[in-house]
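Given the coordinates of chain Z, assemble chain H onto it according to the supplied hints.
If you're matching them up, the sequences are chains Z and H in order.
Take the first sequence: its position 50, counting from 1, is numbered 50 in my numbering, and each next residue is one higher.
Take the second sequence: its position 63, counting from 1, is numbered 163 in my numbering, and each next residue is one higher.
Do not take every clue at face value.
Residues on chain H that point at chain Z, a partial pick, calculated with CB under 10 Å [what the hints assert, rightly or not]: (1) Ile123; (2) Leu127; (3) Asp135; (4) Val139; (5) Pro140; (6) Lys141; (7) Glu148; (8) Ser149; (9) Glu158; (10) Met159; (11) Pro167; (12) Ile169.
Not close to chain Z: a few residues of chain H, all C-beta gaps over 10 Å, as computed [as the list claims (entries may be wrong)]: (13) Thr108; (14) Glu113; (15) Gly114; (16) Leu115; (17) Asn116; (18) Arg138; (19) Glu144; (20) Lys162; (21) Asn166; (22) Leu168; (23) Ser171; (24) Trp172; (25) Tyr174; (26) Glu177; (27) Pro178.
Simulated from the structure, these hints should not be mistaken for laboratory data.
Even glycine gets a Cβ: it sits at the ideal position worked out from N, Cα and C.
Number of protein chains: 2
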Amino acid sequence: MKWRVTVTVRLKEGLNDPEGRVIGKALRNLGYAVDGLRVPKCFEFELESERPEEEVEEMCRKLLANPLIHSWEYRIEPVS
Amino acid sequence: MKWRVTVTVRLKEGLNDPEGRVIGKALRNLGYAVDGLRVPKCFEFELESERPEEEVEEMCRKLLANPLIHSWEYRIEPVS
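Only chain Z is shown next, with the shape it has when bound in the complex (with noise of 0.2 Å):
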């Protein structure tokens, strides 16, 4: 079966984000009140399985997130 699926990994809370804070602050600079600014990190993909979450799981594990920095989460949909 084929599904359709969305990975978010983001750093670990307290983990600081570099990217993310420049960004924020070029926001504030051109006057937008914005707080708190993070650059998770998104995949989006077709995936073909009849274990899908097991899959996507082990995906994150492997090869998406770095288990000791990252934390995940994904949303899986079968594809019509």
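Positioned in the frame of chain Z, the structure of chain H alone reads:
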């Protein structure tokens, strides 16, 4: 009023996404039947604003995306 904003910036349809191609290939080499992997750019932040949609649209045009090559979408939710 305070809002929680999530912006997703994607390369327009048909444009080359080399990072996505490499990651998709790596996942297939690990044995996953992954197809069409893309790596959109995501931004998550809080915004203090009386006209959040207008401001977020401006931010995308001015800084977060390049209208020539990107499309974008955003989700804006009130912070309780």
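*Against chain Z, is proline 140 (chain H) within 10 Å by beta-carbon distance?*
Where the cut-off is 10 Å and the nearest Cβ of chain Z is about 5 Å from proline 140 (chain H), the hint holds.
_According to the definition I'm using, a residue is off the interface if its beta carbon is farther than 10 Å from all beta carbons of the partner; does asparagine 116 (chain H) meet that for chain Z?_
16 Å, holds
*10 Å cut-off, C-beta based - proline 178 (chain H) kept clear of every residue in chain Z*: The claim stands: proline 178 (chain H) keeps its Cβ more than 10 Å from every Cβ of chain Z (closest is about 15 Å).
*asked:* Hint validation: methionine 159 (chain H) versus chain Z, beta carbon distance must be below 10 Å. Holds or violated?
replied: 6 Å, holds
*asked:* According to the definition I'm using, a residue is off the interface if its beta carbon is farther than 10 Å from all beta carbons of the partner; does glutamate 177 (chain H) meet that for chain Z?
replied: Holds, since 14 Å exceeds 10 Å.
*Return the status of the interface hint for isoleucine 123 (chain H): holds when the least beta-carbon distance to chain Z is below 10 Å, violated otherwise.*
This hint holds: isoleucine 123 (chain H) lies near chain Z, its Cβ roughly 7 Å from the closest one there, short of 10 Å.
*Non-interface claim for glycine 114 (chain H) versus chain Z (Cβ beyond 10 Å)*: The claim holds: glycine 114 (chain H) sits with its nearest Cβ about 16 Å from chain Z, beyond 10 Å.
_Interface hint status, glutamate 148 (chain H) versus chain Z (Cβ within 10 Å)_ = Hint holds; glutamate 148 (chain H) Cβ to chain Z Cβ min 4 Å, cut 10 Å.
*Holds or violated: is there a CB of chain Z closer than 10 Å to the CB of proline 167 (chain H)?*
Interface hint status for proline 167 (chain H): violated (16 Å vs cutoff 10 Å).
*Going by Cβ atoms only, is isoleucine 169 (chain H) closer than 10 Å to chain Z?*
Since the shortest Cβ distance to chain Z is 17 Å, the answer is violated.
*Would you check whether the claim that leucine 115 (chain H) is not at the interface survives, using Cβ distances to chain Z and the 10 Å cut-off?*
14 Å, holds
*Restraint outcome when valine 139 (chain H) is required to lie within 10 Å of chain Z by C-beta distance*: 6 Å, holds
The structure does not agree with the numbered hints 11, 12, 13, 18, 19 and 20 stated previously, though it agrees with the rest.
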